[in-house]
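Undergrad: Each protein sequence line maps, in turn, to chains A and B.
Going by the numbering used here, 141 is the number at position 141 of the first sequence; the sequence numbering is gapless.
Going by the numbering used here, 358 is the number at position 358 of the second sequence; the sequence numbering is gapless.
Read the hints as simulated data drawn from the structure, not as lab findings.
Quick caveat: nothing in here was measured; it's all calculated off a predicted structure.
Take these hints with a grain of salt, some might be off.
Said to hold, decoys possible - Under the rule of at most 20 Å between Cα atoms (straight-line distance), these lysine to aspartate or glutamate pairs were calculated in the DMTMM-like manner: (1) B:K43 to A:E239; (2) B:K47 to B:D13; (3) B:K300 to A:E239; (4) A:K257 to A:E239; (5) B:K264 to A:D19.
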Amino acid sequence: MNIIVCIKQVPGTSEVEVDQETGVLKREGIDSKMNPYDLFAIETAIKIKEENSAKVSVISMGPPQAAEIIREAYMMGVDEGALISDRVFGGADVLATSYTISQGVQKFGQYDLIICGKQTTDGDTAQVGPELAEFLKIPHIANVKKIVEVKEHSIIVDMDMPHAVQTVEVNYPCLITVEKDINQPRLPSFKRKMATKNQAIPIYSFNDFIDQNENNYGINGSPTRVIRIFSPEANNDREMWKDTPGVLVDRLVNKLKELKYV
Amino acid sequence: MAKIVIDQEKITDPQALLELCPFDALEWDNDYLSINAACKMCKMCVKKGPAGVFTFIEDEVVIIDKSQWQGIVVYVDHMDGNIHPVTLELIGKAKELAAKVNYPVYCLFMGYNIADKAQELLQYGVDEVFVYDDEELKHFRIEPYAAVFEEFISKVKPSIALVGGTTVGRSLAPRMAARFRTGLTADCTVLDVAENTDLAQIRPAFGGNIMAHIVTPNTRPQFATVRYKVFSPAEKTSSPTGKVTVCTIPKASLVSQIRVLQVKPKEKVKSIEDAEVIVVAGGGIKSSKDMEMLQVLADKLGGMVATTRPLIEAGFADPRLQIGLSGRTVKPKLIITCGVSGAVQFVAGMDSSENIIAINTDENAPIFNVAHYGIIGDLYKIVPDLIERLSSNHE
Ligand SMILES: Cc1cc2nc3c(=O)[nH]c(=O)nc-3n(C[C@H](O)[C@H](O)[C@H](O)COP(=O)(O)OP(=O)(O)OC[C@H]3O[C@@H](n4cnc5c(N)ncnc54)[C@H](O)[C@@H]3O)c2cc1C
Ligand SMILES: Cc1cc2nc3c(=O)[nH]c(=O)nc-3n(C[C@H](O)[C@H](O)[C@H](O)COP(=O)(O)OP(=O)(O)OC[C@H]3O[C@@H](n4cnc5c(N)ncnc54)[C@H](O)[C@@H]3O)c2cc1C
Ligand code: SF4
Numbered sequence: 001m002n003i004i005v006c007i008k009q010v011p012g013t014s015e016v017e018v019d020q021e022t023g024v025l026k027r028e029g030i031d032s033k034m035n036p037y038d039l040f041a042i043e044t045a046i047k048i049k050e051e052n053s054a055k056v057s058v059i060s061m062g063p064p065q066a067a068e069i070i071r072e073a074y075m076m077g078v079d080e081g082a083l084i085s086d087r088v089f090g091g092a093d094v095l096a097t098s099y100t101i102s103q104g105v106q107k108f109g110q111y112d113l114i115i116c117g118k119q120t121t122d123g124d125t126a127q128v129g130p131e132l133a134e135f136l137k138i139p140h141i142a143n144v145k146k147i148v149e150v151k152e153h154s155i156i157v158d159m160d161m162p163h164a165v166q167t168v169e170v171n172y173p174c175l176i177t178v179e180k181d182i183n184q185p186r187l188p189s190f191k192r193k194m195a196t197k198n199q200a201i202p203i204y205s206f207n208d209f210i211d212q213n214e215n216n217y218g219i220n221g222s223p224t225r226v227i228r229i230f231s232p233e234a235n236n237d238r239e240m241w242k243d244t245p246g247v248l249v250d251r252l253v254n255k256l257k258e259l260k261y262v
Numbered sequence: 001m002a003k004i005v006i007d008q009e010k011i012t013d014p015q016a017l018l019e020l021c022p023f024d025a026l027e028w029d030n031d032y033l034s035i036n037a038a039c040k041m042c043k044m045c046v047k048k049g050p051a052g053v054f055t056f057i058e059d060e061v062v063i064i065d066k067s068q069w070q071g072i073v074v075y076v077d078h079m080d081g082n083i084h085p086v087t088l089e090l091i092g093k094a095k096e097l098a099a100k101v102n103y104p105v106y107c108l109f110m111g112y113n114i115a116d117k118a119q120e121l122l123q124y125g126v127d128e129v130f131v132y133d134d135e136e137l138k139h140f141r142i143e144p145y146a147a148v149f150e151e152f153i154s155k156v157k158p159s160i161a162l163v164g165g166t167t168v169g170r171s172l173a174p175r176m177a178a179r180f181r182t183g184l185t186a187d188c189t190v191l192d193v194a195e196n197t198d199l200a201q202i203r204p205a206f207g208g209n210i211m212a213h214i215v216t217p218n219t220r221p222q223f224a225t226v227r228y229k230v231f232s233p234a235e236k237t238s239s240p241t242g243k244v245t246v247c248t249i250p251k252a253s254l255v256s257q258i259r260v261l262q263v264k265p266k267e268k269v270k271s272i273e274d275a276e277v278i279v280v281a282g283g284g285i286k287s288s289k290d291m292e293m294l295q296v297l298a299d300k301l302g303g304m305v306a307t308t309r310p311l312i313e314a315g316f317a318d319p320r321l322q323i324g325l326s327g328r329t330v331k332p333k334l335i336i337t338c339g340v341s342g343a344v345q346f347v348a349g350m351d352s353s354e355n356i357i358a359i360n361t362d363e364n365a366p367i368f369n370v371a372h373y374g375i376i377g378d379l380y381k382i383v384p385d386l387i388e389r390l391s392s393n394h395e
């Protein structure tokens, strides 16, 4: 069985600020890390591998530095990995990102299961998994909270819905996105670190892909445009009440009356 | 084709140029300046760099004929015909947008044995409800649902598609956006429409620390998902004028690789998302038994108690009662926070509440930046007093 896990490098903190003057995110001094939600995806794959003998590969699209998270995945027990990186892919939105990853996935040959995280901590859209499945023309199940059974030609999973849990069986090849809390991701092991120290991280660039139309990638292949980013505004019409507790309670009761709660 | 080209001849101070890029995408190597894969195409280098070094080149794009795409469709989210209230909120917003550009408002309603429910939607002023009723659509499975959505879009050609940010919506909308190779903006909190029918979409990213204004300028339909409780529900009209159109789709289009084995309802706890009034317990609550005091207050106001994350971690309450980024998003009419500092992760889950009252001893607590009424005081003095006053009021 072949499993591919999609992972993304994100800023080390989401407490980012917008530069008021330029309208660009301030990134200086922010280091990067693996999208925390993707750790659950890797753990899910490794667990399946341990119980059913599978090969687990990771794929990531990002700048050259994103190779770091692939190395981290190796240390967790992943067998293979590849980085998709090219200037042509810059400025991609969800559509272009998913399309590019779909081209990259095809470099791995035959696969049975693709696992994505629930969402990222930067773009935070939770859309890449379903869009990737669409481009690969395979079914997907989102919000998977439990792997019930891994069979030879299908997998049974629990999908979390607001008011119900839906247990579904889906044939391979398919894609699932996993909830956080589906498992407890293992830490990178020192033994694996030594063992994979010299393991190569292949890089796929635009020239390696089947689709050689630059207009399908990066900013050119992106139907959305971010016009402006800004910090959320604080609510301006606000009152501060500073007084003795007795007076504060009086005012509060009056306010609740005014709002028709009393 | 858009790209940035560098005129190597005009480079005088390469080190200064490297500083221009907020994403470290510029490299100076062998006396040659290049842009690597870290480039986000933010164009800062073009805007801030010395004239002529960086040039943004964009070939003329083929402009689509937007008049071919008309109307706003709302995807009707439901379970066994019970319509999710986010649907009514989206209808409310759709009507507001439609009025500006003179568009009809449609509903797309797919499922099994739902035909009679479609009539209900007309009461909210929808112009046309398209119903696809088929046994294959009994449970949500992505391929048949996507096939119906595709069929509908190809037939009706809506300019804008609004989908609830529910489990189903968040699966279906991206699938459709990819199929039509168009844009999808996730979890919008503000929506407006320009005269040229482009949707102005504002959404939080980076866990609510950043807001982004996003457009889909040259593809249709424009997809947006919106979470529950972000917009206000549509009002009922006294004289509905819309109609229900029943559609069919060939069975062959509804095949699926997915088999639904079981649907197990979760035990019913009324969720804080549905509460009109919420009293929030924060770190200022010292022991789990003090939660009772807040419960009494909530009962008096006909609401529910919710908490911040530290109290969940301390085991004071059920995790389903947590508000915030890693908890629930709420939009009650009234929220009273008691001893809550107002961390961004908390605020992200409640800042669109209609009336926010905050009680905190620290006048510099960030919660006061979002509170409409900030009460600087000790909750252990104010809450018991308030309860007493409310009790005497009723008698
Ligand atoms: C402020 C801001 C707002 C944005 N809003 C939108 C928007 O509304 N619509 C839009 O189309 N684009 C948007 N983008 C762009 C979008 O975030 C990026 O295109 C990003 O590449 C993909 O989306 P995500 O980070 O939201 O991933 P998600 O869809 O949240 O990621 C889900 C999963 O997909 C996989 N995955 C995601 N990215 C990669 C990757 N690069 N390599 C490998 N696996 C990956 C991972 O398994 C991940 O857990 C926005 C960007 C910013 C900075
Ligand atoms: C990735 C991530 C996700 C997170 N998600 C969430 C989330 O979903 N929800 C969430 O809530 N948090 C979340 N957090 C945690 C968040 O950052 C804060 O730590 C948390 O919200 C603080 O909770 P608090 O305000 O109740 O407690 P504290 O920060 O301890 O604040 C207590 C406040 O009570 C006041 N106070 C003390 N005594 C009294 C008194 N007697 N009367 C009145 N006021 C008093 C104090 O002045 C103080 O402001 C997340 C953090 C991270 C990193
Ligand atoms: S466009 Fe932005 S990210 Fe790309 S090189 Fe210029 S400054 Fe850097």
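Undergrad: If a hint holds in the structure, say so; if it doesn't, say that too.
TA: Against the structure, the hints come out as follows:
Taking the CA atoms of B:K43 and A:E239, the gap is near 41 Å; set against the 20 Å cutoff, the hint is violated. For the proposed pair B:K47 and B:D13, the alpha carbon gap of about 17 Å is at most 20 Å, so the pair holds. Between the alpha carbons of B:K300 and A:E239 the distance comes to roughly 24 Å, so the proposed pair goes past 20 Å and is violated. The suggested pairing of A:K257 with A:E239 holds, with an alpha-carbon distance near 17 Å, which does not exceed 20 Å.
Restraint check for B:K264 and A:D19: the C-alpha separation of about 48 Å exceeds 20 Å, so the hint is violated.
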